[in-house]
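Asker: Protein chains in written order, with numbering that gives the first Met the number 0: chain A, 0 to 381; chain B, 0 to 381.
The hints are simulated quantities; they were obtained by calculation from the structure and are not laboratory data.
Relax, there's no trap hidden among the hints.
Across the chosen pairs, the derived CB separations fall in these ranges: (1) B:F275 <-> A:T299: 13 to 23 Å; (2) A:N169 <-> B:E279: 13 to 23 Å; (3) B:R150 <-> A:A48: 36 to 46 Å.
Rough simulated footprint, nothing fancy, chain A against chain B, three-plus residues with beta-carbon under 8 Å: (4) 16–25; (5) 203–215; (6) 265–277; (7) 289–295.
Taking lysine-lysine and the DSS-like style, the derived pairs with C-alpha atoms no more than 30 Å apart in a straight line are: (8) B:K270 <-> A:K295; (9) A:K350 <-> B:K350; (10) B:K233 <-> B:K137; (11) A:K174 <-> B:K233; (12) B:K350 <-> B:K174; (13) A:K295 <-> B:K137; (14) A:K174 <-> B:K255; (15) A:K255 <-> B:K174; (16) A:K255 <-> B:K270; (17) B:K204 <-> A:K350; (18) B:K168 <-> A:K255; (19) B:K295 <-> A:K137; (20) B:K295 <-> A:K295; (21) B:K233 <-> A:K350; (22) B:K350 <-> B:K168; (23) B:K350 <-> A:K204; (24) A:K168 <-> B:K233; (25) B:K322 <-> B:K93.
The beta carbon of each residue, even a glycine, is placed where N, CA and C say it ideally should be.
Take a look at the letters that make up each chain.
There are 2 protein chains.
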Amino acid sequence: MAETTIRFGILGCADIARKLSRAITLSPNATLHAVASRSVDKATAFASANGFPPASKIYGSYEALLDDPDVDAVYVPLPTSLHVHWAVLVAQKKKHLLLEKPVALNAAEFDKIVDACESNGVQLMDGTMWMHHPRTAKMAEFLSDERRFGRLQKVHVLFTYGADPDFLKNDIRVKPDLDALGSLGDIGWYCIRAILWAANFELPKTVIALRDPQLNEAGVILSCGASLYWEDGKSATFHCSFLSNLTMDITAIGTKGSLHVHDFVIPYQEKEASFFAGSESGFNDLVTAWSSEPSKHIVTTELPQEAQMVREFARLVGDIRFKSLKPEKKWPTISRKTQLVVDAVKASIEKGFEAVHIQEQASVAVLSGLDYLKKNLMGRST
Amino acid sequence: MAETTIRFGILGCADIARKLSRAITLSPNATLHAVASRSVDKATAFASANGFPPASKIYGSYEALLDDPDVDAVYVPLPTSLHVHWAVLVAQKKKHLLLEKPVALNAAEFDKIVDACESNGVQLMDGTMWMHHPRTAKMAEFLSDERRFGRLQKVHVLFTYGADPDFLKNDIRVKPDLDALGSLGDIGWYCIRAILWAANFELPKTVIALRDPQLNEAGVILSCGASLYWEDGKSATFHCSFLSNLTMDITAIGTKGSLHVHDFVIPYQEKEASFFAGSESGFNDLVTAWSSEPSKHIVTTELPQEAQMVREFARLVGDIRFKSLKPEKKWPTISRKTQLVVDAVKASIEKGFEAVHIQEQASVAVLSGLDYLKKNLMGRST
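In isolation and in its complexed conformation, chain A is listed as follows (with noise of 0.2 Å):
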């Protein structure tokens, strides 16, 4: 084990865990150091089932994982609803945090544990993988480009997947005292991010959920979505559900240039990712046939983007405990502006799908159509 290693230890043993456990493994900067379950069988068992290193470290409380001193960055994979308590004492011990998505269930939850992490200098990164994979800077590189692209006026993201009858009924993410937000927090959340990165990350003005929101019995969205608004006249809508046959769009379309990608969150492949990118596309003269195909771009990677983002946020972890750099606030920012639009489509849902309008203060406010009209609208010209 190099130096710079930073050992991880993770609470409890989640599904999502397994994966994490071999991007840990894969990442040539982080190692396995422990996990904790109340049960010590099965913390026993995860570590055996998951390549833990013999001389990992096993923990039948979070709290005695947390207090190991050999510990330097923690893993939360637990239900949404425990984030707040568990973050924040993962900072209090001077743990690095790295959470699950979605990171809260709102964003005055999630400040408080931007404030423990900032408090103890603590880094803070959210799990969302995608973010991570080669292929994402790739297609940012074509975003951002203004004479491939051009400026970026509409984006469409779309994550759906058929969730099982078990699924449905049992797990956590159904469950209003457990993963409240449902659909909107497990994959609503992606579809905000890839909105978010695709605009740069400039919050959108206005939200306003789509009517077509589909709740269990006890008020947990299965299925949701929303459009979004900013004031320069782009705009996005996204649809997720638990309802629908898996599937993962991001479709960005500038002024010049239109970005297609299918499998954004989870490749089709671990080590081969592509994307479809066109620009000033066009006729033929008869209009019978595209002057030019869209083309493919393929991006392979070694390391798959689960194991890149381990690595990314022990290199800043690494950097904070041996160089004395501070915490890269990047990440926390991202993570806050997509659960102030995730908690926007939410009260947009429960308003009777109301315009909300987003202020970085977390606070939202509604207007009506009619106004918006007469104030965003009226004499708007090219």
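Since chain A is already given, all that's left is putting chain B on it; use the hints.
Answerer: Coordinates of chain B only, in the frame set by chain A:
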């Protein structure tokens, strides 16, 4: 020329008529017979440049063409505001009518055209070419396959293109007295048709415009979109714009399958077109890749889609002329449904993005967001 060949007359020398002239020439059961323009010189040049046979007729007025007893069918590519006048006259002269889209400025106008066609026993079809591509039939087969696609839940359709400054200043599609429906009529038409097509031509119950329309100084729509809702919970969104790079997508998601097509209106290539279909998609055990990728389906066609359209229209005309069959009502019926949704989107924009209810009789009703919530969502569960 076979006895059952249908002889076409064309009203005007619109740019799109060049494509249709070629399609008529390519279609085995149709022939170019006449073209009319207020300028005989222009019509002569058009006929000469577009493969009209030497015996073709050149007329200096639309009326004169309609009085030619050898014209069986008339193609009308005039500006939308002129449709109702000329289309009704075509029918009254007992000519079969191939009418460019949008079919009229509103459904009430279109009903006059339908009435004229019905009372004169002539076939009516609109010029939505992609409906006739064999790929469209293949995609419809997938969407209607309960085993592979399941039940339709969500459709998203995009059609945008980057109009140049000259178009945005001078084209008939930005002029309130010519094509007053702007981008909604020109390309939103295709989006709405695609949504209805995916929904097996069931009309949505409610339409709400997205809050991002862009109008020019004369009030003509350059860019807009809407969300559409059906009683059974399925929904759709679309966006159409003259202000973005060329993009034309249908994304349809069912309980068991997903469909993607990126060139639905005009295929990338004339003779070969593709789409992507995924069924019961899922992940590998660690959720680091998909268990199977959607498959690419390639459909070849000897005749381009616009010639397929002409052939189908001429076949129906031939059935009426030579076999005394009745006109096929399917085509005017789906034209009318498309127009009804166009009208609803326009009404919703004008009413400040209120929900507009679609009724077959072309009237609209407005419902507030909270009323909508109460009536449609409270207590709905899966």
